[in-house]
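Enquirer: Sequence:
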Amino acid sequence: MEMSHMDALSRAPVNTRCLFGKGFVLALALLADMMFAVLPAVAQQRASDEVTVKQVASDVYFLFDFYGSHAVFLVTEEGVLVIDTRTHPRDGRDLLDRIRKLTDKPIKWVINSHFHGDHHMGNSVFKAAGATFVAQKETARLMQQTQPKEMARRVAGFKSRGYDPDDVKLIVPDVTCDSEMTIRLAGRDVRLFYLGPGQQAGDTFVEFPHAHLLFTPGAFAKHSMPNMAFTPSVDSWIKLLDRVAAMDVAQILPAHGDIATRTDVKELAGMLADEYATVKDAVNRGVSLDQALKTLTFPQYKDWRNYSRLEGEIKALYELVPTGKRSYFE
Numbered sequence: 018m019e020m021s022h023m024d025a026l027s028r029a030p031v032n033t034r035c036l037f038g039k040g041f042v043l044a045l046a047l048l049a050d051m052m053f054a055v056l057p058a059v060a061q062q063r064a065s066d067e068v069t070v071k072q073v074a075s076d077v078y079f080l081f082d083f084y085g086s087h088a089v090f091l092v093t094e095e096g097v098l099v100i101d102t103r104t105h106p107r108d109g110r111d112l113l114d115r116i117r118k119l120t121d122k123p124i125k126w127v128i129n130s131h132f133h134g135d136h137h138m139g140n141s142v143f144k145a146a147g148a149t150f151v152a153q154k155e156t157a158r159l160m161q162q163t164q165p166k167e168m169a170r171r172v173a174g175f176k177s178r179g180y181d182p183d184d185v186k187l188i189v190p191d192v193t194c195d196s197e198m199t200i201r202l203a204g205r206d207v208r209l210f211y212l213g214p215g216q217q218a219g220d221t222f223v224e225f226p227h228a229h230l231l232f233t234p235g236a237f238a239k240h241s242m243p244n245m246a247f248t249p250s251v252d253s254w255i256k257l258l259d260r261v262a263a264m265d266v267a268q269i270l271p272a273h274g275d276i277a278t279r280t281d282v283k284e285l286a287g288m289l290a291d292e293y294a295t296v297k298d299a300v301n302r303g304v305s306l307d308q309a310l311k312t313l314t315f316p317q318y319k320d321w322r323n324y325s326r327l328e329g330e331i332k333a334l335y336e337l338v339p340t341g342k343r344s345y346f347e
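Oh and the sequence shown: position 170 is 187 in my numbering, straight run, nothing missing.
Heads up, simulated BS3-like pairs for lysine-lysine below, C-alpha to C-alpha not over 30 angstroms straight-line:
(1) K283 x K297
(2) K166 x K186
(3) K186 x K176
(4) K71 x K239
(5) K176 x K144
(6) K342 x K332
(7) K311 x K283
(8) K166 x K342
(9) K342 x K239
(10) K332 x K319
(11) K71 x K118
(12) K166 x K256
Please keep in mind that the hints were generated in silico from the structure rather than gathered at the bench.
It should be emphasised that the depicted structure is a prediction, and the values quoted were computed from it without experimental measurement.
Modelling step: build the complete structure from the supplied sequences, incorporating the hints.
Expert: Shown next, in the form of structure tokens:
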């Protein structure tokens, strides 16, 4: 059930700038984020051991999980704000335990940055801790629409780690916003903003102005090939990244990949423009998909993480360019 804006205000101070109102690619999407699921058991154990918390400001922490999804949290005297809750309630519990090593203050807010399950399926742990959940309205909608598919593409990974899929419960946001929202905790402003669809509709950026830090959702990862199965507009995605690259922030805290800079954001924008223009040209010239897969190899990106996604990216763009549709949402 969605909490009204006034109900939310009764729980914690919120800036009232929150604006209210306004075939095969499916299979690719099911595979695209399952890199973790196919890792050998030994590698998965290493992955769990390699989760670390990096202090990136006096009161801001970045949970880095090389093989999984990240989280960020702000610790104040009034309470804690968390961005994303990881892939499963067991991962969410691990995140909460790590927070509790640093503070016993209440968990006040959780922001879900986009609809992918590996960023919100740990929500139930934080719901039990009393948090209020916030998301952009498109993220809130897509979380509900895609829950069965998001679960389906993660079940194998859960089971390989000994996690029970039935433990996952969809926790929908209490508060939704359209373009911008500011939450204040102990005199610290945390600014949520939406610049339109990037990797997907609902991509929400979170700025910590006092620390010159910016959290980016799935729209950005450093030196990493993106998953193209969800975006409704690559042009919008590129423009979004250009705007982020022009912001006055010192460090970028991404949802995947390591800490980055605005230069890294520019690099990804350039890569997307290159790939999109090349594939779009092939589609418009009538190049068959099979031929495109053989000839469009983009060797300049062969050292990027997730270069193995390239075939899936080309297939996804061969759907998007002529139809404008995303079968994952049908």
